[in-house]
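K.L.:
Spelled out from the first residue to the last, the chains are:
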Amino acid sequence: PKKPRLAFVTNCVAEFWTVGSFGVEAAKAEFGVDAVVRMPANGTAEEQKRILEDLLAKGVQGIAVSPKDPENMTALLDKVAGRALLVTHDSDAPKSKRLCYVGMDNYDAGRMCGQLVKEALPDGGAVVLFVGNLDQDNARRRRQGVVDELLDRSRDPSRFDKQDAVLKAGKYEIRATFTDQFDRQKGKAAAQDALARWSDVGAMVGLFEYEPPLLLEAVKSANRLGKVKVVGFDENDATLQGIVDGHVHGTVVQNPYEYGRKSLELLASLLRETDSKKREELLPKDRFLDIPARAITKANVEAFWADLKQKTGRK
Amino acid sequence: MKKVLGIAALLCVVAAMTAWRSYDPVTGEYVFLSAYNLENLLQRIGLFGVLGFAAAFVIVTGGIDLSIGSVVCVAGCVLPWLLKDVGLGGAPSLAITLALCAAIGLWHGVLVAWLGLQPFVVTLCGLLLYRGWMRGFSDDQTMGFGDAAEGLRWLATGKLPLSDSFGLPVPLLALAVVAVATWALWTRTVWGRHLFALGRNEEAARFAGVPTRRLTALAYVACSLLAGFGGCLFVLDVNSAQASSFGSFYELYAIAGAVLGGVALRGGEGIALGVVLGAALMQVLPNTIRLLFDSDRLELAVVGGVILAGAIVDQSLARWLGRVRRR
Amino acid sequence: MKKVLGIAALLCVVAAMTAWRSYDPVTGEYVFLSAYNLENLLQRIGLFGVLGFAAAFVIVTGGIDLSIGSVVCVAGCVLPWLLKDVGLGGAPSLAITLALCAAIGLWHGVLVAWLGLQPFVVTLCGLLLYRGWMRGFSDDQTMGFGDAAEGLRWLATGKLPLSDSFGLPVPLLALAVVAVATWALWTRTVWGRHLFALGRNEEAARFAGVPTRRLTALAYVACSLLAGFGGCLFVLDVNSAQASSFGSFYELYAIAGAVLGGVALRGGEGIALGVVLGAALMQVLPNTIRLLFDSDRLELAVVGGVILAGAIVDQSLARWLGRVRRR
Amino acid sequence: MTTGAAAVPPLLQARGVCKDYPGVRALSQVDFTVRAGEVVALVGENGAGKSTLMKALAGVVQPHAGQILLAGAPVRLAGPADALSAGIALIHQELSLCDNLTVAGALFLGAELRRGPFLRLGAMRAQAAKWLDRVGLQVDADTPVSALAPGQKQLLEIARALRAQARVLIMDEPTSSLTMAETARLYAVVRELRGQGVGVVYISHRLGEVKELADRVVGLRDGRNSGELSRDAITHEALVGLMVGRKLATARRAAHAPGDVVLRVAGLRTRAFPGAAVGLQVRQREIVGIAGLLGSGRTELLRALVGVDERLGGAIEVAGAPLRAGGPAAAASAGLVLLPEDRKAQGLVLGMTVRENVSLPTLRRRGVLVDRVYERDLATRAIAQLAVAASGPEQPVGTLSGGNQQKVVFGKWLAAAPKVLLLDEPTRGVDVGARAEIYARLHALAADGLAVVFVSSDLEEVLALADRVLVMRGGAVQAELVGDRLTERDVMLAATSMEAG
Ligand SMILES: Nc1ncnc2c1ncn2[C@@H]1O[C@H](COP(=O)(O)OP(=O)(O)OP(=O)(O)O)[C@@H](O)[C@H]1O
Ligand SMILES: Nc1ncnc2c1ncn2[C@@H]1O[C@H](COP(=O)(O)OP(=O)(O)OP(=O)(O)O)[C@@H](O)[C@H]1O
Ligand SMILES: [Mg+2]
Ligand SMILES: [Mg+2]
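Respectively, the protein sequence lines represent chains A, B, C and D.
Everything in the first sequence is counted per our numbering, starting at 45 for the first residue and increasing by one.
Everything in the second sequence is counted per our numbering, starting at 388 for the first residue and increasing by one.
Everything in the third sequence is counted per our numbering, starting at 388 for the first residue and increasing by one.
Everything in the fourth sequence is counted per our numbering, starting at 2 for the first residue and increasing by one.
If we strip away everything but chain A, and leave its shape as in the complex, we get (with noise of 0.2 Å):
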């Protein structure tokens, strides 16, 4: 029998789905699939948009895809579903067809971030963040996360506060929000500038994967270092070096290795089951494979490091 034909689409491209193609790679081997996978160059929507469709034309039967605007693309999502198997990963479409989303939820993983800047700064203190770009669902998701959990705010994850907005609640004021539109060398910039203007900067947070070592070799290069807490996101070599070697407090990382890996499982098996009643069963209840986000500090970071360097067989 032919191999099930799957793809994996993400939002964009970057190191993270990188990892991610690693998790796809395995789950090829281990659930006897074809897979192919898919990054929007310029992480439009627009792009996603004919990437899917060119997938459907070729007779992919599976299709698992990060959705870049859920909110609006549920249509195309719909008649995604309508001709191939269709889950969510990594920022879910809960409008849409899609039978099934996979990952976490990017609110909850903010406020997973949040809480390591509590840690990092208990007396509170002047936070700046830094994101790719705020129009992007899972970092706004992210931000506004990071930001209820920093202003002891309630759980809402469809709040969002502008750019601009003042965000001074208790103990923990929230000076900006740095967008560089992916640009390293302007992440660095804004970072330098940030501590340029405020003297008293307690911590930064860089949301996206790339930010986290720009801002830590900002705060070198301003001589900061320990007096600015560095707190980021995902798993970059250098920002879990920053944690070995003390400079940077934690990360949260989320798990784009199992997110490939999980989603592919799930279309296999449902692509082998025939029958719908059984097919039905396959599915995780809520529609909603949880994996979780992590906390990675100093306490578990030689752990977690060698863990993922065995699984991307990278040294």
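Quick caveat, the hints were computed from the structure, so don't treat them as lab data.
Since we're looking at a predicted model, the values are computed, not measured.
Heads up, a few of these hints could be off.
Cross-link-like lysine-lysine pairs, in silico, DSSO-like; alpha carbons within 30 Å at most [as the list claims (entries may be wrong)]: (1) C:K390 - A:K230; (2) B:K471 - A:K123; (3) C:K546 - A:K230; (4) A:K212 - A:K271; (5) C:K546 - A:K264; (6) A:K264 - C:K390; (7) A:K206 - B:K471; (8) C:K471 - A:K342; (9) C:K471 - A:K230.
Assemble chains B, C and D with the ligands onto chain A, guided by the hints.
P.N.:
What follows is chains B, C and D with the ligands alone, placed relative to chain A:
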């Protein structure tokens, strides 16, 4: 005409190769030629072709418009806002959006034609300005119609059924209308003649009594208007516009399509059919890559490489023919 | 010289305004003028200024290079690979990277000067091609040095201490060297004279016995070499390069900086000092926004708007002066 | 030939040279020789192949058959640089200067004085004066080339060719925009060069110049040799015979009476000469010539009249109605058109065909859609009437010879059927036959009521064509000459000194 032959040949070769290699032994079908794929492809050609004409209008005057992608972004953010947030109907929303884009074009035209600023500078600033403005305007929120505007979305996603399985995408028809109108304007009317004359030699055209400034300004208006129309189609198609990236780099695709299709950057040369073919090639190549290869990582490399190879072959052939004919 | 005055004035106004508004009542300091901020700013000016010269070299020949950002990407991916994966030393890695970039420039030069392809087309294809190639080359993995190459990174992050608190960033020195060398080349040597002559009227220069092809090709080599050098500095600075985005859009910033600084797109005009000032303005503006505003959402809009306003004022003044002087 | 002469091979020789352009045989089996210390004039109708032959000798085009011999030895000139290093310098028919350079920069372009790779700017500036002086160009060496008037640019090109100190100097219509004073100076320079043993090739449509200078005349007709004249055989008739192969009818203008005033100008001041106000009146059926030295403001006057340049004051009335400032388009609709001075930059859209160029100013009058029949008619008529050597209305104008391009410009403006026709150097580079044709057309149009104002640097032409001559100096009209006072001497006096006014 000779210029169009080259691009037509390249397009045919790429399409034929793709069709041949896209044979799927399981279904016994040539995937590239499947109704579904052709519909998608033709729709994209329609969308991007409109932008190609936007670029072409300014290039024939010897200018350039780098702000096309940002004007696409303006249309992509303003149209959903008018429809959903302001709550206007489809037609007025479309009209206001297009009027706004035309005003942007007029502004470019005035700066270039009357104030004598360099088109490259004016539109580069426009590229930054309008995108930045839209980021502020949309508060970095994604703009889209949600479930609204189903009627209007027909413009971008609708199909005119030709057979049971195949329908002609509406954007392709829009492109056809734009292309025929442009062809008539360029080759059959006095304005077209004047536009081409001023594109080649603005001073001589002015001495001949051609209202060069007014025409130049009009070309910029046409450009931004078409870019805005394209932007409306794009946002109606994908139903989601993020100001920071929507339409980003499209000016380059548009210009590349036009130039590939024989619109000369020094001005005063261009064939409407060529622009369509150029846009088609720019859309077929990524389709090819996604259908045939397991990784789309090399997409950009292949697109760039094929265009460059085409340009080199074209130029070498032209030289060689010129040499042979003279003997 | 007059062209440089306008941009210098604009730069001064922006810098003065920023300095004044950046007063921090808590520390009693003008944040913009703090040693830390100036160091950072001068370093960025150094980095982007090098790219400005890359663009300028080609623009004075009447050409354009849209591939600068992608060549930055090439350097940004290849240098870490040579250093870390291949394990070469700093100097050989740098030399090989620069040689590769120069080879890219030579290839452009040959296509433009000997085969007669349009620079816009060649380098637009280059823009796509090299980035796509790097995505394949790096397997979409982030390239960086980790902790290695501390020595080499001094080139990008090092400072020559002038006082206890202030050090001159090494990239600024690199820019100074490039600027002075370019100034001497352009205004004092035979090659510069010939470069400018062919930039304005290639045929006339050829009739006068100038080896126009060779010089054009050399200009492209200089451009890609400088872009590669800039790319090395960038990756040494941020220590991380992702092929899909590294250096993206930098060609536009480079060209904008050069054009702002008075390098005319029609060729044959340019002043080295102006290129430096243009690059400086392009870096001061974002710094201004981040220091003074609560949101960087409008950054693009402000940069675009200020440049455009500057161009409009400049042009209007020039016209008005021309009118007054002739009376 | 004496045996002595045979022993010394000629400086430069072309043997059986052929050159084809797509659809045209520009040269077929042409022989040509220049010896040391002689001035050879090359004559022929427009499009005969003169410029092409010279370009082949200067390495600018590569002939595809035949040989070029330098001092008896065959050479291959792959490019202009080769020719220059072989001692062959060419002054191109069309201006070819880099206008971003200074006068000194342009003068030394390609042969800069240098120390290593560095320019010796001071030395070049100092030496420039010498060469500029030699051709009588009185500008500072640091003046930007872009600020020079066309005539001055032409002098600069000549100075540049002299500076090359070539063994063979080829001048392709060097005097086409020079006035008598500069032309006389050029004669002296050419004679001096001849004395130094330089071989000079001189192309001109001004037969007077040929008679004055040439030691030998070579004729070309339709890309072939049409004969030679030795020094003593050079007469007007012989030259015409060599070029045209038939006799030319010299048209005399029929008697006429001027009609109403159609152009009335009062107090007009231009940018170049803000201090001088110009007033003039032109009547129907009148042909008015404007004479003056280089840079006397003639071109500026005409440009201001049609509104290409802003006028600083004054009033213009065309056929009784005041002309508003709206650029050439407004002037054209009022019936006032200008045939500009620089055909390449202002007169023609080089990439377009003859048809498209000829119809450009008038197409609008025929409605919104392009009227192709009208266009073709117009172009065919222009080609026939002015004997344009073109393969047809569809030939790109840029591939015509210089003189034929000028004829197309002429055809374009005649078709506009204006009330007042302003002409700036209308016959620059036009051959004698076509010139006679153009004069006859102008006479006929004037007889039908047209008013003509023309600027010409060719004094012969001014005297032959004009009913009345205005002489300009320093932007102002210095003298008005009619009837008996219309002589070469009076014009020159008025143009150069005060007492003539
Ligand atoms: N680049 C070209 N392409 C095609 N045809 C050309 C080109 N250059 C010249 N010709 C043709 O070659 C012929 C000879 O042209 P050439 O310029 O040598 O004439 P000429 O004798 O110098 O005339 P004139 O007195 O008008 O300057 C003309 O018929 C012209 O149309
Ligand atoms: N664009 C310009 N900028 C500055 N000066 C100019 C410009 N054009 C012309 N001039 C100057 O104006 C004066 C008049 O020039 P104009 O062309 O009107 O003279 P002309 O009598 O027509 O001479 P020519 O025979 O050279 O055409 C000259 O001294 C010239 O140098
Ligand atoms: Mg000629
Ligand atoms: Mg003149």
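K.L.:
Are the hints correct? Go through all of them and say.
P.N.:
Comparing the hints with the structure gives:
The suggested pairing of K390 (chain C) with K230 (chain A) holds, with an alpha-carbon distance near 29 Å, which does not exceed 30 Å. Our distance criterion of 30 Å between C-alpha atoms is met by K471 (chain B) and K123 (chain A), whose separation comes to about 23 Å. Restraint check for K546 (chain C) and K230 (chain A): the C-alpha separation of about 20 Å stays at or below 30 Å, so the hint holds. A threshold of 30 Å between alpha carbons decides the hint, and for K212 (chain A) with K271 (chain A) the separation of about 21 Å falls inside it, so the pair holds.
Distance restraint check for K546 (chain C) and K264 (chain A): the Cα-Cα separation of roughly 14 Å lies within the 30 Å cut-off, and the hinted pair is therefore satisfied. This hinted pair does not check out: K264 (chain A) and K390 (chain C) have alpha carbons roughly 40 Å apart, beyond 30 Å. Pair hint K206 (chain A) plus K471 (chain B) holds up; C-alpha atoms about 20 Å apart against a cutoff of 30 Å. Pair hint K471 (chain C) plus K342 (chain A) holds up; C-alpha atoms about 26 Å apart against a cutoff of 30 Å.
A C-alpha spacing of about 24 Å is found between K471 (chain C) and K230 (chain A), which places the hinted pair at or below 30 Å, so the restraint holds.
Consistency note: the structure conflicts with earlier hint 6 alone.
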